[in-house]
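With chain A fixed as given, assemble chain B onto it according to the hints.
There are 2 protein chains.
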Amino acid sequence: MNRGYADLEDSYLFHRIGQKVAAFEAEHPDAHLCRMGIGDVSLPLCDAVIKALHAAVDEQASKASFHGYMPECGADFLREAIARHYVSRGIGLEPDEIFVSSGASDDLGSILDIFERGIEVQIMEPAYPAYVDANVMDGNKVIARESGKENGFLPMPDNALPANLIYICSPANPTGATYGRQQLESWVEYAIANDAIIIFDAAYEAFIEDESIPHSIYEVPGARECAIEICSLSKTAGFTGTRCGYTVVPKQLERDGMGLNAMWVRNRTTRTNGVSYITQRAAAAVFTPEGQAQVKANIDVYKGNAAVLMEALDKLDIWYTGGRNAPYIWLECPDGMGSWEFFDFLLERANIVGTPGVGFGPCGEGYFRFSSFGSPEDTRLAASRLLDLLG
Amino acid sequence: MNRGYADLEDSYLFHRIGQKVAAFEAEHPDAHLCRMGIGDVSLPLCDAVIKALHAAVDEQASKASFHGYMPECGADFLREAIARHYVSRGIGLEPDEIFVSSGASDDLGSILDIFERGIEVQIMEPAYPAYVDANVMDGNKVIARESGKENGFLPMPDNALPANLIYICSPANPTGATYGRQQLESWVEYAIANDAIIIFDAAYEAFIEDESIPHSIYEVPGARECAIEICSLSKTAGFTGTRCGYTVVPKQLERDGMGLNAMWVRNRTTRTNGVSYITQRAAAAVFTPEGQAQVKANIDVYKGNAAVLMEALDKLDIWYTGGRNAPYIWLECPDGMGSWEFFDFLLERANIVGTPGVGFGPCGEGYFRFSSFGSPEDTRLAASRLLDLLG
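In order, the protein sequence lines correspond to chains A and B.
Mapping the first sequence onto the working numbering, position 55 (from 1) lands on 218, and the numbers just tick up by one.
Mapping the second sequence onto the working numbering, position 324 (from 1) lands on 487, and the numbers just tick up by one.
Chain A extracted, bound-state conformation (with noise of 0.2 Å):
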């Protein structure tokens, strides 16, 4: 069997909320609780999509124009779809650059498979779970590269550092901070130079709203020689339970003298057989004009909520970061209270649920992530919850 599953550390975090907030709820069956932890969406699709989603089901219903297998790196239609969005954006890349995924959580570990087991993978921490996850599970050694307030929780190169692969989420989950373009040409400079691959997770790219904040490595020079970029529509357009994103490895892309992009067709084509035709379909209306449209309606309904959980920490003089180009806040907690005591405290005394920070690696203690995910009411009653408990 493989051994690194016997190196994993069981993963609590959620396991624990879930049984202190079913706790709470059993003592206090008639408290209403803001539910500000939530990293799902809770916005329906939008009609283009669910428009695309039934004209498909109905296509799979007559002989004429039933679907069996698609290719399996992806329709034409939709890897044409995104290329095309790509390009909307001053970035040129080739459909048969765009791999179509079941969702970001899935490629990310996937991608491992055509590397060798046993390299040196730095991960920014705090991090997503499933980053750490999947290396140890693959006997990778993961270098934890710790973050905090003093560097806006944005780790930067470190040139006494190896790494064969780097992972960086901007925005990030779990703290909503977001690499500038300066900073993303330092990490690829790092990569060409030490001839290791960046696996940038643009899970959250849709929240930016900054100018100068690129939403693609590939806007900084030299990225299509290091870097491989995993994408998702699971928050862009409300996806968490439609599955479906992309990831794009460039021609250019190349190490040992084997391309990756090859590499990733033949792992493609030997592990699965695509991805659902009607799945494809509802992609492909995401980036139509009218979805466009429509999911960016949906964002804005979260980053509204965001700004509201912003105006109360800034009323109570509380640091954080994300927010403002990033679903998440990610704040320190008050009185130096530790992640799980104001977990408790936030609970108890203001009926908020929320996520400790430490949760996601050693480095978050301290802190505390809020997610805008959850209904604007619920999103409003926290705030003003916040302000009546610690103002």
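Misleading hints may appear alongside valid ones.
If chains are identical, the list can't say which one is meant, so a pair holds when it fits in one copy or spans any two.
[Claimed, not checked] Keeping only pairs whose Cα atoms sit at most 20 Å apart, straight-line, the calculated PhoX-like set for lysine-lysine is:
| id | residue 1 | residue 2 |
| --- | --- | --- |
| 1 | Lys-459 | Lys-214 |
| 2 | Lys-466 | Lys-478 |
| 3 | Lys-466 | Lys-304 |
| 4 | Lys-459 | Lys-226 |
| 5 | Lys-226 | Lys-466 |
| 6 | Lys-226 | Lys-183 |
| 7 | Lys-304 | Lys-478 |
| 8 | Lys-414 | Lys-466 |
Quick caveat, the hints were computed from the structure, so don't treat them as lab data.
Just chain B now, kept in the frame of chain A:
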């Protein structure tokens, strides 16, 4: 990089078929080709599935009924429906021994994640090419268990050979050969004696009509201690373009002190975010009484095609296996022709396209695969052309 990719052989089979067919069509634009090589279904999704799909899409359109992230190992409603389906066939499985997947081909490769790289893997040949490729990619040592007419294309255990993993597909692709109960008992005994794991690919079980042939490896005593079963709705319910399957990992399955069910839970929760809600509702509809009746009606159409082809081969006194309990017919090329020679002969002389057996491994030389997934009209036409050409 993963050096296993350098050891892969290029797969030219379907590419070469495509080239030959394109060249023929360019020269004979008026010829009507009978495509008997198709490995994809041609009938649309059944009515129960279409209704379930539309209903699920409607749920995703409204905030009150919207579903976000699904449980990574599968929705309870689907795991329970599949467990009841097993129980109806006399096999007791718990829902949490059943993992919903995006299809058998996905899990046939992904399951390797829980094993060490470099293990010894027995693969029955002629084989579905992805078995070999997924293992070569992982650096495993493939032990080809070659088969032929003398053993009915059903290799049996050999105590002189090592094995950590054993891939068994029954009914098999490409040969359509099916293992009987006693033969599977021998494999289970061998696996237990050698501490090996059987990966049982049951993708074609719905085509079995002989009551004595097991549909599931778990019909064999002891299989829960040595077998993982990988199933698909692709051929059972026409889901090739809809993507859903399921993988059974019994809780009794342990190796090196590690429980494989728990390892697979950890793999799924780390490396996926579950299967689309809409797709899982479609899959659940397959297991309703009306869904079962409707998918059986489609399979009966394909079985009718197989019967037409078998009748022609019987009249021509051509040896074959499969057809009765499988969607594939595997025949010996007449007059000692090689696989590609017969391909060209059939294409030129009868305008029939099939699949050369040698494309599934060297021991397939001299054999040829017909599939029953084409249209009834073309299948009847192909049978009558075969009789004219070879009779």
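- Message: I want to check one pair: Lys-459 and Lys-214. Are their C-alpha atoms no more than 20 Å apart within a copy, between two copies, both, or neither?
- Response: within (17 Å within a copy, 30 Å between copies)
- Can you give me the call for Lys-414 and Lys-466, within, between, both or neither, at a CA distance of at most 20 Å? Answer is neither: 36 Å inside a copy and 45 Å across each miss the 20 Å cutoff.
- Task: State whether the alpha carbon distance between Lys-466 and Lys-478 is at most 20 Å within one copy, between copies, both, or neither.
- Result: within (18 Å within a copy, 72 Å between copies)
- Is it within, between, both, or neither for Lys-459 and Lys-226, if the alpha carbons may be no more than 20 Å apart? So Lys-459 and Lys-226 pass the 20 Å test across copies only (17 Å; inside, 36 Å).
- Query: How do Lys-226 and Lys-466 come out at 20 Å by Cα distance, when the copy is not named: within, between, both, or neither?
  - Reply: For Lys-226 and Lys-466, the Cα distance is within 20 Å only across copies (18 Å; inside one copy 44 Å).
- Message: Treating 20 Å as the Cα threshold, decide for Lys-466 and Lys-304: within, between, both or neither.
- Response: neither (37 Å within a copy, 52 Å between copies)
- Within, between, both or neither, where Lys-226 and Lys-183 count as close if Cα-Cα is 20 Å or less: neither (52 Å within a copy, 27 Å between copies)
- Query: For the identical chains here, do Lys-304 and Lys-478 meet the 20 Å Cα criterion within one copy, between copies, both, or neither?
  - Reply: Answer is neither: 43 Å inside a copy and 64 Å across each miss the 20 Å cutoff.
The earlier numbered hints that this structure contradicts are 3, 6, 7, 8.
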